[in-house]
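Asker: My request is simple: use the sequences and hints to build the entire structure.
Heads up: the protein sequence lines correspond to chains A and B, in order. Take the first sequence: its position 232, counting from 1, is numbered 232 in my numbering, and each next residue is one higher. Take the second sequence: its position 306, counting from 1, is numbered 306 in my numbering, and each next residue is one higher.
In short, the hints are calculated from the structure, not lab data. Quantities reported herein were computed from a predicted structural model and do not represent experimental measurements. Positions of the beta carbon are idealized from the N, C-alpha and C atoms, including for glycine. Take these hints with a grain of salt, some might be off.
[Unchecked claim] Derived Cβ-Cβ restraints for the label pairs, each shown as a range:
no., chain 1, residue 1, chain 2, residue 2, range
1, A, R254, B, P324, 41 to 47 Å
2, B, N252, A, K231, 26 to 32 Å
3, B, Q74, A, D75, 57 to 63 Å
4, A, R94, B, R15, 25 to 31 Å
Listed below are the residues making up each chain.
Protein chains: 2
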Amino acid sequence: MENTGAFSRLRDRLRDVHNLRMAAAVLNWDMEVCMPPKGAAARGGQLATLAALAHERFTHPETGTLIRQAQDNQDTLADDERAALREVDYDYRRAARIPENFVRRFAQTRSAAYHAWLDARKQSDFAVFQTHLQKLVTLARELADYLGYEDTPYNALLEDFERGMTTAQLRAVFDELAPRQRALIERIMNAPTQPDAAWLEQTWDADAQWAFTERVLRDMGYDFDAGRQDKSAHPFTTNFSIGDVRITTRLNERDLFSALFSSIHECGHALYEQGFPPEDEGTILAEAPSLGIHESQSRLWENIIGRSLPFWRHYMPVLREHFPGQLDNVDAEQVYAAANRVAPSLIRVEADECTYNLHIILRFELETALIEGNLAAADLPAAWNEKMAAWLGVAVPDDANGCLQDIHWSHGTFGYFPTYALGNLYAAQMFDAVTKAIPGIMSSVGRGEFTPLLAWLRENVHRVGRRKTTPEIVRDATGEEPAAAAFLKYLENKYAPLYGLAQVG
Amino acid sequence: MENTGAFSRLRDRLRDVHNLRMAAAVLNWDMEVCMPPKGAAARGGQLATLAALAHERFTHPETGTLIRQAQDNQDTLADDERAALREVDYDYRRAARIPENFVRRFAQTRSAAYHAWLDARKQSDFAVFQTHLQKLVTLARELADYLGYEDTPYNALLEDFERGMTTAQLRAVFDELAPRQRALIERIMNAPTQPDAAWLEQTWDADAQWAFTERVLRDMGYDFDAGRQDKSAHPFTTNFSIGDVRITTRLNERDLFSALFSSIHECGHALYEQGFPPEDEGTILAEAPSLGIHESQSRLWENIIGRSLPFWRHYMPVLREHFPGQLDNVDAEQVYAAANRVAPSLIRVEADECTYNLHIILRFELETALIEGNLAAADLPAAWNEKMAAWLGVAVPDDANGCLQDIHWSHGTFGYFPTYALGNLYAAQMFDAVTKAIPGIMSSVGRGEFTPLLAWLRENVHRVGRRKTTPEIVRDATGEEPAAAAFLKYLENKYAPLYGLAQVG
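Answerer: Put into structure tokens, the structure is as follows:
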């Protein structure tokens, strides 16, 4: 009785915290999608208040007291309540280790660093950002000290984004991936046939692109009564509840694929958020256990499904309807080939499936070196450019197109990048498991039927929420530990035929 | 020093309260304009959290302590700081008089009553709402007791919407207005000529209407970099900061005027909110001192400007451009006449300038009788229908078109309605003052130049914020007490020529 009381008081307290965070998410969405320019200054203050109050309420000692009281009699709780309590305790312990004073200092330094990074990128001059980056690295190490770690401070930071994954595990996986991906890229660069993409050089009407993306989203199972798509400078997904999960995309009339694949990608994230059990609404269970598992959903849909031949066999007539007269001499095979062109390039977010992970591994190596004290901020551009040349054969012309291209470090975020590559690996492992469980899965895709795939993901990933950790989800869903093999096999099976390569292994 | 400390700590505390309220405003705007249907349930909880935290922080005893400390040495404060302190003290005293327990009971009863009202209106059956209304009346009287009052409990409620105005003053003003307006309506109904409105019976393209409203808003001085217009079921204005003031409208292709005049109306509100001094951002000074003064701005622009002949002389060619071929045989005089048709009708929000105040006075008489215990909720429909017949010659066919038409009472809101009529009176008084200060003001309007008018309003109303009360603003701006004369003169001067009436008085 006393315990039920504590648990229910804890739940009320956390509901306020949750609602403050959701309110902040609405304000952020509005800022990116709707807000007029002169609203920016006050909006910053509004977001700061919401964040401060949420943090204050969550880390208040009363939260800890209620957690302990609830734990003392947790045998009176239902399974889901116990799971929620365990997860809340996990978050609370981590948050409580960080002193208030550090939170403020870190926020101030990040804010200054972010603005310096904007300037630096504009001027394409790393020097403008350098001392800020060094300060952020120092603070990130301090943060790691508060959080506690074994082996390397990077483990403490990584835990925030990919709980349960260690730096050593990542190194092992990446050491397997990197040479194999580089070898594949080299074979592709030397391939006798390259895909014909000349037909892409047309103007693709923005309204038609929009209509086509909406058609695909609907087919995938995105519930427009529980979300909406809008335009923004940078595509993203956000959620205010299970019944309100929104995505954005950007339209470029010179590019047939940009909006479409970004819509499918964000929809992969959104299907996850729309797929939590309704009874978990507002609780910690209605969350993904890591960024890597979230990214697995977006990449599975974008790359494995959206860039597949069956997908295009189904959508070719639909695409022709949306762009009458523009695709009369183009067939599904050509679209498939063009959507899977491989070309080492400068910018991570524009990279193809074969080169993408190398961009990530490069960042992982550099950020671990920064955090472990083996690389000074001042030496970052040279180290970056050297790796880009060695791994991708790409000469970096300037910092804006080099080490200043991503926002993450300017936010003091170290340990985030690997989750993108992990998303690719998990996605390939899951898809392997799906094809075993449902052998006709790609035939369904070829008929525009995504329900079997979505049902499998709902059952094995979405509805789990935070009841399991990411390694547990991957293991239970695929029968394997998180690893590189499935992804490498997927790349080989897809790209060898596409580029007429002699198949390896 | 100690005092400066208290004032600045008070300011920080109030900034959080303000930011929570602004966040709630964003969530409300989103709910009306963007939110997908399945987002509704969680959104209610989010808004409840924000409201509860804002209330809790504002009414916390610490706020009162800081106010008293700041007051103790207020001679060290600047004028604006003293004004802000006075206003905060006023709000705090009123809020602090209301027990927490009452706030919760009232909120619960309102929520149930609102849903009962929705049902009752749908079924057009007052009986469904009756007991809820009676409970709300009882609670409103209890609220009045907490707040304190002289003469009548209605005074305590009125103060929340039109501070400084008393029931006795309202009665005096309305007793002058009602017979004069009824006499005018009778003359108009018996007028030999009625305006030709047959040409209005066309389809008016929604996109063209939208473009035309945006053109007019821009001309009026609405800053689209500090706001935006969207569509919603019920038009409204909201603000998240001086730099982010948004309006909505609704489009009806069978109605040329509906969107336009609602846009102008909301823009009148928005110009007020965009017109606070930037240095007042986030403070209590950047607020209107009453709803009546806010409404004066919307009605001045909508009726006195937007429904004037010079306005239509200027916009006639613009309107023709937006609706090519549809207005070839219509001139500015005809549009002016059609925009000012008078016809007693059932619904307040659709009423014309001549009948509008009678709808208000009817509600005022009924709600004072309810609050003063002279009318039982059960007797409301009969009393309503009787007055509608006597005053407007209109037979009320059912409750949905009668006493259930407005949302206000279902929210437990008594004392709000009079502010609509006061808005009309203040607007007429202000416009009188403007024409004296700037004799060529309507010639400017006839050239589509609204800057002189806006500048006068900015100076005399907008920039004042809460530095003065509404009676003070009206007095300082017009040289007169709030009264009925200017409005009655305005009606007579406008409608006598329009309907070919022998002029009176």
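Asker: Which of the stated hints cannot be reconciled with the structure, identified by number in ascending sequence?
Answerer: 1
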